[in-house]
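Participant: Letter by letter, the chains look like this.
There are 2 protein chains.
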Amino acid sequence: MINVAIVGYGNLGRGVERALEYADDMNLVGVFTRRAPETVAAEKAEVFSIDDLFTKQDDIDVCILCGGSATDLPEQTPYFTKYFNTVDSFDTHARIPEHFENVDRAAKENNNVSIISIGWDPGLFSLNRLMGEAILPKGETITFWGKGVSQGHSDALRRIDGVLDAVQYTIPNDEIIERIKAGEKLELTTRDKHTRECFVVLADGASEEKIREEIVTMPNYFDEYDTTVHFVSQDVLNAEHKQKMPHGGKVLRVGHTSEQNKEVIDYSLELDSNPEFTASVLVAYARACGRLAKEGQTGAYTIFDIAPKYLSTKSDNQLRKELL
Amino acid sequence: MINVAIVGYGNLGRGVERALEYADDMNLVGVFTRRAPETVAAEKAEVFSIDDLFTKQDDIDVCILCGGSATDLPEQTPYFTKYFNTVDSFDTHARIPEHFENVDRAAKENNNVSIISIGWDPGLFSLNRLMGEAILPKGETITFWGKGVSQGHSDALRRIDGVLDAVQYTIPNDEIIERIKAGEKLELTTRDKHTRECFVVLADGASEEKIREEIVTMPNYFDEYDTTVHFVSQDVLNAEHKQKMPHGGKVLRVGHTSEQNKEVIDYSLELDSNPEFTASVLVAYARACGRLAKEGQTGAYTIFDIAPKYLSTKSDNQLRKELL
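Quick note, the sequences are listed as chains A and B, same order.
Its first residue numbered 1, the first sequence is counted upward by one per residue in the numbering used here.
Its first residue numbered 325, the second sequence is counted upward by one per residue in the numbering used here.
The hints are simulated quantities; they were obtained by calculation from the structure and are not laboratory data.
Hints are not guaranteed to be accurate.
Unchecked claim - Under the rule of at most 30 Å between Cα atoms (straight-line distance), these lysine-lysine pairs were calculated in the BS3-like manner:
no. : chain 1 : residue 1 : chain 2 : residue 2
1   : A       : 181       : B       : 568
2   : A       : 262       : B       : 462
3   : B       : 509       : B       : 586
4   : A       : 147       : A       : 262
5   : B       : 505       : A       : 193
6   : B       : 462       : A       : 250
7   : A       : 262       : B       : 368
8   : A       : 193       : B       : 509
9   : A       : 181       : B       : 406
10  : B       : 462       : B       : 586
11  : A       : 44        : B       : 471
12  : A       : 242       : B       : 586
13  : B       : 574       : A       : 185
14  : B       : 566       : A       : 321
15  : B       : 471       : B       : 406
16  : A       : 193       : B       : 566
17  : B       : 517       : B       : 566
18  : A       : 314       : A       : 294
19  : A       : 147       : B       : 618
20  : A       : 138       : B       : 471
21  : B       : 432       : A       : 250
22  : A       : 185       : B       : 568
23  : A       : 250       : A       : 210
24  : A       : 147       : B       : 568
25  : A       : 82        : A       : 147
26  : A       : 242       : B       : 505
27  : B       : 574       : B       : 586
Unchecked claim - Cβ pair distances, simulated, as ranges:
no. : chain 1 : residue 1 : chain 2 : residue 2 : range
28  : B       : 511       : A       : 223       : 47 to 57 Å
29  : B       : 512       : A       : 95        : 39 to 49 Å
30  : A       : 97        : B       : 543       : 51 to 61 Å
31  : A       : 175       : B       : 435       : 49 to 59 Å
32  : B       : 435       : A       : 296       : 47 to 57 Å
33  : A       : 174       : B       : 479       : 35 to 45 Å
34  : A       : 11        : B       : 506       : 43 to 53 Å
35  : A       : 322       : B       : 407       : 44 to 54 Å
36  : A       : 11        : B       : 435       : 46 to 56 Å
37  : A       : 11        : B       : 562       : 57 to 67 Å
38  : A       : 260       : B       : 479       : 18 to 28 Å
39  : B       : 512       : A       : 209       : 47 to 57 Å
40  : A       : 223       : B       : 335       : 43 to 53 Å
The C-beta atom is built at its ideal place from N, Cα and C for all residues, glycine as well.
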């Protein structure tokens, strides 16, 4: 059994708790939070103060760090990796090299293993970007996201004066996807790849026309996209757009293996729950983390560095017999 | 540079020759054949007798073995792995464990590396079967093949009296695929998953009706499928069904991350050329093979045992910066 601690208990932490229920080889030691433990109701797990992590150091094989990438993980992952094997979902792409260096140093100095930036992007999509270009070096990789809720864009809508609440969906352009798969060479602009759809609850007296204009012209967020705005009641927003956190996307690699032959690799995800799926990937890599640590490995790893067999509960023999 | 020899020069060997042209870090030493070398015209490579392999042992880092799985590779891979690092595409699923043991022994006794059963199935599809069940343990994996030409089924058609020539396509059932992705639990029979489409050239005087009946009732090959038979002229067969060797397929993993949430992973290939794509996968794993050997590793490996970074020409830093 691999003994796991969940550090941080938002949507992702809850997803990890659920994912661990389906992992027969893993045992959840508890949820560790910065909040007062008595104020946090986990689904089944015991909840402890984050300070209690250190009193349970001998009972924990891997900590799954479920904080945010903006401010939590850049501090937490190097820090906790001094004392534990860790897995995180750090997803600020531009800062990954720096994060890797910080975590790698902490891991090597303290003989621990950390696997960073695990999830689906970065994560499974990164893996498919690597494999696509390695297998079809003469070709192009394009990543599409959606259909799914973007938290950043939903937040931007909610900051507009006169908007009470809002949800924004990023939608990939299916026509463009089909044309790329058919082998067309397209010079794609941001506008071509995705569209944006907004569901907005207005405050009393706010002008639909004025707010629609403010949204579709908002720099960085919407001005480069074709954006559709729907005005709905809070009840409709709650019932139809806030129950689930669907997402997904696609990594396409279209390449030539000779002048006349084109090959297409299409890796697609259709997710009812973005945080639960990300959590499931984290749990599989927590298994790998526990095993690498048991082998005596140390240092920081990414999805690129892990042989697939480490993710499975099956023996090497069983894998060759049943899945190859 | 990794110096590569192609051993065997059929469709797959020709595909490897083409794939190596797109691999900037690899050098093709030559094609080695059991036939008289002067009777074999490679596209660009020098052609040697297979016996010359041993005189060039110092110039070769990896042999890509391009023989057939029925009789060539079970002999060749263990044999050549005594003298060389090797990669093969052994695809008789039921005999993989035995093949692995034989190759592993030869590799370890002689300090070489061999990567076996590389291609797309076994190969990339196997990898996605493993990752699908590791990430979504509560779910189902279904593999579909096609649309593509099945050599075995085409051969079976050509053995019928009164059939001059024929090509058979395996076609996945798109309606079933959509229903599975939508979360339906289906008890699938062989007939449900794929249909078969045959293009047949008749001998003078042969009866369409009689031959159609013989095809659709042929045990093992067609009787368990819905089969469509088209009779065409040799010219049409040559022009429309023999220029390319298209294939492809899909590994679907549909799983739940909680009672209410379903997640779908869909890995799909659409290939103009089955042998050229398989060859491209072999070349990427030949790179891994050369590197593992340089690191001092020994033994037999499968796709499950190889960390993805070994496939790429990019440094670890570059991979984290550009692709993660």
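Participant: Checked against the structure, which of the hints given earlier come out wrong?
Facilitator: The structure conflicts with hints 2, 8, 9, 11, 14, 15, 16, 19, 21, 23, 24, 25, 32, 34, 35, although it agrees with all the remaining ones.
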